[in-house]
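Using our numbering, the first residue of the sequence shown is number 1, and each one after it goes up by one.
For the record, the hints were derived by calculation from the structure and aren't laboratory data. Where is the CB? At the ideal position from N, CA and C, for every residue including glycine. Keep in mind that the hints are not guaranteed to be accurate.
What the hints assert, rightly or not - Here are the simulated distance ranges between beta carbons:
1. E37 - Y128: 19 to 29 Å
2. T12 - A69: 29 to 39 Å
3. D78 - R130: 38 to 48 Å
4. K146 - P76: 22 to 32 Å
5. E98 - R130: 16 to 26 Å
6. A84 - R130: 17 to 27 Å
7. V119 - D83: 18 to 28 Å
8. M50 - T124: 20 to 30 Å
9. E37 - K77: 28 to 38 Å
10. Q80 - E113: 42 to 52 Å
11. G68 - P132: 19 to 29 Å
12. K99 - R130: 13 to 23 Å
13. Y128 - R106: 18 to 28 Å
Claimed, not checked - Below, computed lysine-lysine pairings styled on DSBU-like, alpha-carbon distance capped at 35 Å:
14. K125 - K82
15. K146 - K77
16. K88 - K77
17. K99 - K82
18. K82 - K146
19. K36 - K125
20. K82 - K36
21. K146 - K36
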Amino acid sequence: MTAEEKGTLAKTYFQEGYNCAQSVLLAFCDETGLTKEQAARLASSFGGGMGRLREVCGAVSSMFTVLGATSGYSDPKDKQQKDALYAKVQQLAESFREKNQSIICRDLLMDVETTQGSVSEERTKDYYDRRPCACYVEDAAKLIAKELEY
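Could you put together the complete structure from these sequences and hints?
Now the structure itself:
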């Protein structure tokens, strides 16, 4: 599957009702070895910029999760692998930021009317029409796919 196709797949998941983080991680189940249910559960708390806190965009968080699952380190003493991973994380963040001006949910939604608190918004036509989130999901999926050399 190409990077474009991964982006489209992630966007489709978002349009089905999955949150931004779930949508990206679900598009990479084959690469991470996660089942669809595992991926959806693992990423579920990162939606809305971490539980609707509007911090780091969930799509970006899952981009990093895919990176860790596919090329992360497990030995806490392996400084070289750790440093290499962190460099890739920073590179991906910068690439996302260059395209979208931020990796922070509240900044990305600055011009969008949103509700506060922990209660998620209903997924209606209006919700999808006024939010740019599907594009952010698509961008994050394309970026990590390119990192994985699709």
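Against the structure, the hints come out as follows:
{"no.": "1", "hint": "E37 - Y128: 19 to 29 Å", "in the structure": "holds (24 Å)"}
{"no.": "2", "hint": "T12 - A69: 29 to 39 Å", "in the structure": "violated (21 Å)"}
{"no.": "3", "hint": "D78 - R130: 38 to 48 Å", "in the structure": "holds (45 Å)"}
{"no.": "4", "hint": "K146 - P76: 22 to 32 Å", "in the structure": "holds (29 Å)"}
{"no.": "5", "hint": "E98 - R130: 16 to 26 Å", "in the structure": "holds (24 Å)"}
{"no.": "6", "hint": "A84 - R130: 17 to 27 Å", "in the structure": "violated (40 Å)"}
{"no.": "7", "hint": "V119 - D83: 18 to 28 Å", "in the structure": "violated (40 Å)"}
{"no.": "8", "hint": "M50 - T124: 20 to 30 Å", "in the structure": "holds (23 Å)"}
{"no.": "9", "hint": "E37 - K77: 28 to 38 Å", "in the structure": "holds (34 Å)"}
{"no.": "10", "hint": "Q80 - E113: 42 to 52 Å", "in the structure": "holds (47 Å)"}
{"no.": "11", "hint": "G68 - P132: 19 to 29 Å", "in the structure": "holds (26 Å)"}
{"no.": "12", "hint": "K99 - R130: 13 to 23 Å", "in the structure": "holds (20 Å)"}
{"no.": "13", "hint": "Y128 - R106: 18 to 28 Å", "in the structure": "holds (19 Å)"}
{"no.": "14", "hint": "K125 - K82", "in the structure": "violated (43 Å)"}
{"no.": "15", "hint": "K146 - K77", "in the structure": "holds (28 Å)"}
{"no.": "16", "hint": "K88 - K77", "in the structure": "holds (19 Å)"}
{"no.": "17", "hint": "K99 - K82", "in the structure": "holds (26 Å)"}
{"no.": "18", "hint": "K82 - K146", "in the structure": "holds (21 Å)"}
{"no.": "19", "hint": "K36 - K125", "in the structure": "holds (25 Å)"}
{"no.": "20", "hint": "K82 - K36", "in the structure": "holds (28 Å)"}
{"no.": "21", "hint": "K146 - K36", "in the structure": "holds (22 Å)"}
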